[in-house]
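**Student:** Residue numbers (the numbering used here), protein chains in the order written: chain F, 1 to 402; chain R, 1 to 215.
Incorrect hints may have been included.
Straight-line C-alpha distance at most 27 angstroms; calculated DSS-like pairs for lysine-lysine [said to hold, decoys possible]: (1) F:K273 / R:K139; (2) F:K273 / F:K374; (3) F:K223 / F:K129; (4) F:K212 / F:K129; (5) F:K374 / R:K27; (6) F:K223 / F:K212.
If you are wondering where the hints come from, they were derived from the structure by calculation, not from laboratory data.
Read off the chains here:
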Amino acid sequence: MGLGSGLSGHSRTLNDDLVVAPHGCGALPGFAIPVCAGGRKSMNWPNGELHGRLGLLLLAGVFLILQAVFVPAEQAHAQQLDTPPNTLDQKTGPAGIWRDLRRGKPARETRPFTPPVQAIQIEGEEWRKVRNEWIRPIGGGVLLFAFGGIILFALFVRRVPIEGGRSGRPVSRFTRYQRAVHWFTASVFILLAISGLILLFGRTILIPIIGKSAFAAVASAAKQGHNLFGPVFIVALLLLLPAFFRHNRPFWQDLAWLARGGFLSRREPPSGKFNGGEKLWYWLLTVFGLIIAGSGIFLDFPAIAPALVYLQFSHILHAVAAVVLITFAIGHAYLGSAGVEGVLEGMTTGCVDENWARQHHPLWLEELEAKGEKTARGCPRAVDPDGGDVPAAREAAEEAAS
Amino acid sequence: MNTWLWLAEGPLFWLSLSVFGLGVAWKLTGLLLLGGPRAQPTPRGSPAGGAVYTILRHFVPRRVFLPGAGLHVLAGYAFHLGLFILLGFAAPHVAFFGERLLGVSWPTLPQWGFIVAAEFAFAGLIILWAMRISEPIQKLVSRPADHAATWLTFLVMLSGCLALEEAHVSLRALHMTLVDAWLFWFPFSPLMHTFTFLFSRGFTGATYGRRGVGL
Numbered sequence: 001m002g003l004g005s006g007l008s009g010h011s012r013t014l015n016d017d018l019v020v021a022p023h024g025c026g027a028l029p030g031f032a033i034p035v036c037a038g039g040r041k042s043m044n045w046p047n048g049e050l051h052g053r054l055g056l057l058l059l060a061g062v063f064l065i066l067q068a069v070f071v072p073a074e075q076a077h078a079q080q081l082d083t084p085p086n087t088l089d090q091k092t093g094p095a096g097i098w099r100d101l102r103r104g105k106p107a108r109e110t111r112p113f114t115p116p117v118q119a120i121q122i123e124g125e126e127w128r129k130v131r132n133e134w135i136r137p138i139g140g141g142v143l144l145f146a147f148g149g150i151i152l153f154a155l156f157v158r159r160v161p162i163e164g165g166r167s168g169r170p171v172s173r174f175t176r177y178q179r180a181v182h183w184f185t186a187s188v189f190i191l192l193a194i195s196g197l198i199l200l201f202g203r204t205i206l207i208p209i210i211g212k213s214a215f216a217a218v219a220s221a222a223k224q225g226h227n228l229f230g231p232v233f234i235v236a237l238l239l240l241l242p243a244f245f246r247h248n249r250p251f252w253q254d255l256a257w258l259a260r261g262g263f264l265s266r267r268e269p270p271s272g273k274f275n276g277g278e279k280l281w282y283w284l285l286t287v288f289g290l291i292i293a294g295s296g297i298f299l300d301f302p303a304i305a306p307a308l309v310y311l312q313f314s315h316i317l318h319a320v321a322a323v324v325l326i327t328f329a330i331g332h333a334y335l336g337s338a339g340v341e342g343v344l345e346g347m348t349t350g351c352v353d354e355n356w357a358r359q360h361h362p363l364w365l366e367e368l369e370a371k372g373e374k375t376a377r378g379c380p381r382a383v384d385p386d387g388g389d390v391p392a393a394r395e396a397a398e399e400a401a402s
Numbered sequence: 001m002n003t004w005l006w007l008a009e010g011p012l013f014w015l016s017l018s019v020f021g022l023g024v025a026w027k028l029t030g031l032l033l034l035g036g037p038r039a040q041p042t043p044r045g046s047p048a049g050g051a052v053y054t055i056l057r058h059f060v061p062r063r064v065f066l067p068g069a070g071l072h073v074l075a076g077y078a079f080h081l082g083l084f085i086l087l088g089f090a091a092p093h094v095a096f097f098g099e100r101l102l103g104v105s106w107p108t109l110p111q112w113g114f115i116v117a118a119e120f121a122f123a124g125l126i127i128l129w130a131m132r133i134s135e136p137i138q139k140l141v142s143r144p145a146d147h148a149a150t151w152l153t154f155l156v157m158l159s160g161c162l163a164l165e166e167a168h169v170s171l172r173a174l175h176m177t178l179v180d181a182w183l184f185w186f187p188f189s190p191l192m193h194t195f196t197f198l199f200s201r202g203f204t205g206a207t208y209g210r211r212g213v214g215l
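Just need the whole structure built from these sequences, with the hints factored in.
**Tutor:** Dropping the structure here:
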């Protein structure tokens with residue numbers, strides 16, 4: 001990823017080719033972020049530098065947050081830049097100089113009339129530690145925990161059945177548009193999750209299996225794929241979130257649903273169109289999805305990041321948010337398919353069985369009935385996709401035959 | 001050169017390209033030889049005019065279908081235009097066509113243009129497939145070959161983008177192998193709609209044009 005390699009000349013940091021203006025402010029060529037002597041700092045995007053870049057509008061919000069977070073760090077940098085000439089101890093020899101550089105001490109370049117600069121971006125080491133010693137082990141553990149939970153659910157609960165079997169009366173639940181954007185988002189999410197996990201854990205897991213040479217190709221492919229599908233995910237998210245917003249507004253009953261264990265409780269607490277778990281997933285996707293999108297823009301288009309530290313922080317945010325989302329997505333995928341009988345067809349055909357709706361979402365069904373909006377429009381015939389018996393469908397067929 | 005890449009870009013590519021060319025020619029010739037009805041009354045309009053009109057008119061959806069089919073139409077255009085741009089103007093493709101096939105070169109897309117076209121193509125294709133699996137009627141009329149054609153096209157595009165760094169021969173070889181499979185299967189698959197849409201639209205348009213009805 002290169003985020004940790006902060007040697008001057010190889011990365012865009014505040015130390016790169018710093019130019020000091022007469023008024024005491026330094027500016028980075030290409031970024032023009034003046035860093036002033038008194039720690040004062042102002043933001044002036046250069047003309048044409050960002051014009052036409054993808055996702056600028058989306059960036060604005062994230063950028064402001066990052067700006068607020070990093071201003072103290074930038075000020076510290078600016079103060080360092082004011083340090084008097086070369087503080088390196090020349091007497092200690094190359095080892096001592098190297099040690100000082102690694103501690104972030106400023107050094108004077110061999111070119112004349114240049115101020116001392118920080119040759120190594122020491123925050124890179126912090127970033128590397130966070131990534132390797134915190135995100136990887138904890139994130140890996142969390143993901144394993146999620147898989148373990150699914151296995152336990154499959155072993156002990158198996159599948160939540162429809163109480164009383166299928167009625168054979170379909171109820172329209174999701175529109176064509178909602179289904180399309182759902183599967184669109186899901187497809188892109190899966191591609192990004194796989195490539196992202198390869199990038200985060202591949203070195204640890206894949207190298208012992210496929211070797212370094214093959215992993216180099218796999219990692220290159222994962223990086224290209226991840227960078228390519230990232231912007232598609234932002235589009236998918238922007239289509240998905242409004243499409244499902246209306247029925248995902250949180251209510252107190254959702255907390256009760258969660259507190260009582262949802263459909264694992266002896267008697268499932270009533271819920272509207274979406275239960276507490278589904279709403280929790282929606283809002284996690286909203287918050288963490290937008291974090292992933294915002295930080296991903298920086299990582300995908302690093303030229304728009306004013307300093308390397310932005311990329312490092314973005315990477316940490318990106319990885320943490322991704323691990324959280326992937327963890328919940330594993331649960332969502334299982335409970336939305338094999339874990340609960342009759343749930344998947346809502347997203348494949350747009351319709352669910354009425355008994356399923358009465359069992360899991362009685363408030364929604366009552367609302368539909370009260371408003372006269374309960375409809376089977378566009379629903380397929382009442383056939384159990386699992387090949388099971390559908391009493392109402394059978395009775396209807398028998399009536400028609402007689 | 002890597003053996004796999006040599007095979008995929010050499011003998012296998014020429015074989016699949018031959019199958020593609022001969023297969024498409026065979027199918028289209030067969031369609032043309034079917035001809036039209038022999039005994040026809042005097043036309044009340046222009047069959048040729050009707051054919052051209054219908055071919056062009058069907059590029060724009062009718063307003064009455066737009067509320068339900070808007071996303072479908074947008075996704076279709078995003079995918080097909082994106083793929084066309086990638087295929088014809090991506091720098092590695094232009095280089096390949098120039099060196100291996102045509103001997104001529106033409107201007108290529110910059111890197112950002114490639115990425116934008118790829119984003120549109122992927123988004124369009126995934127949405128189209130999502131609709132295919134989630135819309136009961138589309139699901140019903142979709143054959144396994146339709147899904148296979150979608151997936152094979154997706155894998156060709158994906159492998160091409162994964163090889164974007166052009167640093168690993170194996171990724172290029174994987175892309176070329178999938179391209180070979182795509183070319184080989186093309187004449188026998190729903191991918192033939194690349195050419196046959198002209199015939200089906202043209203035939204319908206000509207039929208109604210002969211009757212003096214504009215479609």
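**Student:** Next step is simple, just say for each hint if it's right about the structure.
**Tutor:** Cross-check of the supplied hints:
no. : hint            : verdict
1   : F:K273 / R:K139 : holds, 25 angstroms
2   : F:K273 / F:K374 : holds, 12 angstroms
3   : F:K223 / F:K129 : holds, 21 angstroms
4   : F:K212 / F:K129 : holds, 22 angstroms
5   : F:K374 / R:K27  : violated, 49 angstroms
6   : F:K223 / F:K212 : holds, 16 angstroms
Comparing the model with each numbered hint stated earlier shows that hint 5 is the single one that does not hold.
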